[in-house]
Structures are given as C-alpha cells and as structure tokens.
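Asks: Each chain is listed here by its residues.
Number of protein chains: 2
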Amino acid sequence: MDLKSLFTEITLQPSNFELNTSVDCVIFTIQDETLKALLTRFANKIGWMLPGGFIAKYENSDSAAKRILQERTGIDNIYMQQFKIFSDPDRFSFEELFNISDIKKNKHKLPKLPERVFSIGYFALVNYEQTKVTGGMYKEESNWLDIKNLPQLAFDHNEIISEAAKALRKEIHFKPIGYNLLPEKFTMPELQKLYEIILDRKLDRSSFQRKMLNWDIYERQKERKEGVAHKRPFLYKFDLTKYKQASERGVNFGI
Amino acid sequence: MDLKSLFTEITLQPSNFELNTSVDCVIFTIQDETLKALLTRFANKIGWMLPGGFIAKYENSDSAAKRILQERTGIDNIYMQQFKIFSDPDRFSFEELFNISDIKKNKHKLPKLPERVFSIGYFALVNYEQTKVTGGMYKEESNWLDIKNLPQLAFDHNEIISEAAKALRKEIHFKPIGYNLLPEKFTMPELQKLYEIILDRKLDRSSFQRKMLNWDIYERQKERKEGVAHKRPFLYKFDLTKYKQASERGVNFGI
Numbered sequence: 000m001d002l003k004s005l006f007t008e009i010t011l012q013p014s015n016f017e018l019n020t021s022v023d024c025v026i027f028t029i030q031d032e033t034l035k036a037l038l039t040r041f042a043n044k045i046g047w048m049l050p051g052g053f054i055a056k057y058e059n060s061d062s063a064a065k066r067i068l069q070e071r072t073g074i075d076n077i078y079m080q081q082f083k084i085f086s087d088p089d090r091f092s093f094e095e096l097f098n099i100s101d102i103k104k105n106k107h108k109l110p111k112l113p114e115r116v117f118s119i120g121y122f123a124l125v126n127y128e129q130t131k132v133t134g135g136m137y138k139e140e141s142n143w144l145d146i147k148n149l150p151q152l153a154f155d156h157n158e159i160i161s162e163a164a165k166a167l168r169k170e171i172h173f174k175p176i177g178y179n180l181l182p183e184k185f186t187m188p189e190l191q192k193l194y195e196i197i198l199d200r201k202l203d204r205s206s207f208q209r210k211m212l213n214w215d216i217y218e219r220q221k222e223r224k225e226g227v228a229h230k231r232p233f234l235y236k237f238d239l240t241k242y243k244q245a246s247e248r249g250v251n252f253g254i
Numbered sequence: 000m001d002l003k004s005l006f007t008e009i010t011l012q013p014s015n016f017e018l019n020t021s022v023d024c025v026i027f028t029i030q031d032e033t034l035k036a037l038l039t040r041f042a043n044k045i046g047w048m049l050p051g052g053f054i055a056k057y058e059n060s061d062s063a064a065k066r067i068l069q070e071r072t073g074i075d076n077i078y079m080q081q082f083k084i085f086s087d088p089d090r091f092s093f094e095e096l097f098n099i100s101d102i103k104k105n106k107h108k109l110p111k112l113p114e115r116v117f118s119i120g121y122f123a124l125v126n127y128e129q130t131k132v133t134g135g136m137y138k139e140e141s142n143w144l145d146i147k148n149l150p151q152l153a154f155d156h157n158e159i160i161s162e163a164a165k166a167l168r169k170e171i172h173f174k175p176i177g178y179n180l181l182p183e184k185f186t187m188p189e190l191q192k193l194y195e196i197i198l199d200r201k202l203d204r205s206s207f208q209r210k211m212l213n214w215d216i217y218e219r220q221k222e223r224k225e226g227v228a229h230k231r232p233f234l235y236k237f238d239l240t241k242y243k244q245a246s247e248r249g250v251n252f253g254i
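Chains as they are written, first to last, in this note's numbering: chain A, 0 to 254; chain B, 0 to 254.
Derived from the structure by calculation, the hints contain no laboratory data. Where hints are given, some of them may not hold.
[What the hints assert, rightly or not] Stretches of chain A that chain B covers, calculated by requiring three or more beta carbons in the stretch to come under 8 Å of a beta carbon on chain B:
hint, region
1, 48-58
2, 83-90
3, 111-125
4, 149-155
5, 166-180
Predicted, not measured: the structure shown is a model, and the values here were computed from it. Beta carbons are placed, not taken as given, at the ideal position from N, Cα and C, and that holds for glycine.
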C-alpha cells in the first residue's frame, strides 16, 4: 500500500474515520547522546512528518495512537501520553498531503474533506536498542532525527515536536526515568547525563544527586564502578517497587 | 436566547461551527475553604454541566475557550490552560442535550449531526471575590459546586472535572499560586492552607515552608501577623518580578 492507497482508504470510506481528528505521535529516544524523534517520509514532496493518522469511528484517541504508531512504524506496546491538541484552522491541508491537484487531474472522485483537521499530540520516550522500527504499512521510510537540527517538517510538525519536548521536560520532574534507558547498574553521573540530554543543559552535580537520592527510588550497590580514572563512583540500581510507585504518584509531591 | 435558540444557532448554521469539536471549561475557585468548580444548568432535564460550546470555524481552541467562557458565564480575561482531550465515541449525545425526540415531534428539520463530539478540556483557578459571573447568553443558571460533592453531571463532565483537578494538582508543583488568591500580606500557614485545600490533604508544616522558601519568590516582611493567639507568624509578600519569572519557567526546575 502506498500513499495513493492511503488516500483511497480514508477518503472513499470516510464513514470509517473521523477525518477531522487525527493523532500525531512524537517518539523520543536517546542515541549518540542526542535527543531524537522518529519521523516518517512518504515518497512525495511533503517531506518528513510525524507518524500519525485519523481516528477510526469506533476508537478513542488513546487506542488510535497505539494503532497508528504500530501501523506506521511497527512499534508496538509502548505507553504514550497525550500532551496537547493542535487546532489552528490552517494547520493541515489534504491538498498538500495527497497532492490533490494531481488526483483531480486523474479524475478521481473526491469526497467532501474537512477544511480543518485537529490533531492530538502523543509522546513517549523509548530505548533506542529495544525499539523495533520496521517501517510502515504505506511503504514510508522512517528515521530518528536530532530534534535540535530538524529540517522543515510537513504541516505544523516542527511545533508539535517542540511542544512535545516541553511536555517531556516537564514530565521528568515528576516521573522518574531511566529504567530501560540505563544499564541495570548505573552511576549518578550516567543518570545525570540522561537528564542533561533531555533538558538540554548542564546540571549542578551535587544538587542533582541530592534531589535524586531524596526521591528514594535508587538502591546504592556495595560495589563501585571500575575502570574510571579518578574516583570510582558508586553504582545504583532502581528499586522497582518504589520506582513504579513513584511513576504513578509522581516524585515531586514532596511539598 | 434559550436552549432552543442555541440548537437553532448551531444546527441550522452548521457551517459556522466545528460540530465535532467542543471545549469545556473547568473554572476552579476556593470558597469557604473548599475547592469548587463553576457549573451551569439549562432549564431542561440534563442537569448541571460545564460551561462549554463548539469551536467556530475561524478560531483555534484557545480562542474558542475564551469566547465560550465569556458567553456562557460572563467571565472575561482569565488565562485558561488546555489539559486533555476527551474522545470516547459515546461521551456526548446531541439527542440528550437538545432532547431531539421532542424536536423531531415538532417537525424541526434536523441537519446531519456528528455521532461523536471530541471535547478539549481547559482549566483555570480564579479568585472567588474577583470573578464576576453574570450568567450566560442562553439564560442558563450558574453556580459554584464543591468538587468533592458533585451530583451526576451531564455527559462525562464528572470525569472532566476529576481530570482537571489532577492537572491543577500537578500544576501547582510547578507554577506558584497564591497571588490574587491571598491578601497582599500573608503568613506561611495561610499559604499552606491554600495548598492543602487544592491538594485535599494535610501537609507537613516544616517541609512545606522549606520548599516554599527555596522557591525564592516570597519577601519576608518586617512585621508579624497580629491577633494570633500564641506566636505571631511572619508576614510575606510575593516578589512580583520573581513570581512572574517562576510562573513562566516553573519553580521546580531545580534539578
């Protein structure tokens, strides 16, 4: 199936989809100490875009996000979080996506398409090695792009990624991260590096460690990290029970 | 204008509105040491509901939320924040809102109405005395109801309020509150009371004060509170410059 099939699918059976409401998935990962997002590209002029699609009549937006991410990238079974709806009247255009002037020339019969498409943004942070991207059912290409050096993406997708990054940066002050992103045993400097990559700034070593240890979700190990030039830093493990509790109730609710 | 006029307005001119996407506004206030939300009620069977309405074709959801809140309650000029979209296929029903079986009996001509209406939730926290609720353009009644003792509201509005309260409770760990909710000079126990009402739980006095003072947005005054039985607590004022900076960048970004 290619882009033309997608067009046929969604427009010739408009009764199956809410053509005025889509979801767009911002899947973040860390690779080469860089925060990246997963983008897809059809073989057309529109360029890179987020994996997204229309909500089917029978499903809510959470289910749509899961289904669409799976269909478009092969990624399955990850928890994504809704962060914002994008609603500008001119944010999206069917004309642009499907190159409708060409389609018109080919005498395709066009159904009535909505003038505005709302899009619900979802985000997730995944482990690069453990996330299997197999490519999409519409034969689109996928790639992880550095969010600090993005090209001009389709529609408002640069803005969606920028808002998703804000949401992620806010979220990591509440919910612990690192499990699945770090080795089983890790040092505080390694954990700090993870936060620095996501927050895109240097952090103060001692206040970072104080805050992290206050959260009481890490278990200090007896052994220290070997093979490090000067001092050998302590190794930590996540206390999974506490980690899960903290993920649910938030770690900053210490007021 | 009453509910019938609203029906006529939105359905006989469907081209003016996105009938598949509404906004619902959860306006919180504190009155009698209780967290309350503003509800409205039409003269029909459907009961209390949030001030909400459909997005007009020309506006984005932020503008719609402002316009609709003003039209439905008279409240003007407050900053509301988008927190979630509600998307269950059966969350809303035009039949239920407008009692369409009656309308059909009266031989009203019905336009095609969407089966599902998505709703974008917005919330705000306002000062009870300073918020002028004048009532709505559709002659609906308004009232502040205790969110812990709500009746069964229309549609999924109990869930929307519950999600809005979660969003508010999360937000106050990031953004300072209190300006406009407290007198110009206030004590730490008064500030703590505010947080306790919103969080709906008791807080530890000394860790609360330590955290608050760490935020460095309060100016301790020379005078102390008079007329208090035992010790006279210090009075504080907001340092408005720092308060505004902290509102923008968040107060917990101290990792």
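Asks: Give a verdict on every hint.
Replies: Okay, the hints, checked on the actual structure:
Here the region 48-58 of chain A counts 4 residues with a CB under 8 Å from a CB of chain B, which clears the bar of 3, and the coverage holds. A stretch counts as covered by a chain when three or more of its residues have a beta carbon under 8 Å from one of that chain; for the region 83-90 of chain A and chain B the count is 5, and the coverage holds. For the region 111-125 of chain A, the stated coverage by chain B holds: 4 residues have a C-beta nearer than 8 Å to a C-beta of that chain, and at least 3 were required. Counting residues of the region 149-155 of chain A whose CB lies closer than 8 Å to any CB of chain B gives 0, so the stated coverage by that chain is violated, three being the minimum.
For a cut-off of 8 Å, the count of residues in the region 166-180 of chain A with a CB near a CB of chain B stands at 3, and the three-residue condition holds.
Of the numbered hints listed earlier, the single one contradicted by the structure is hint 4.
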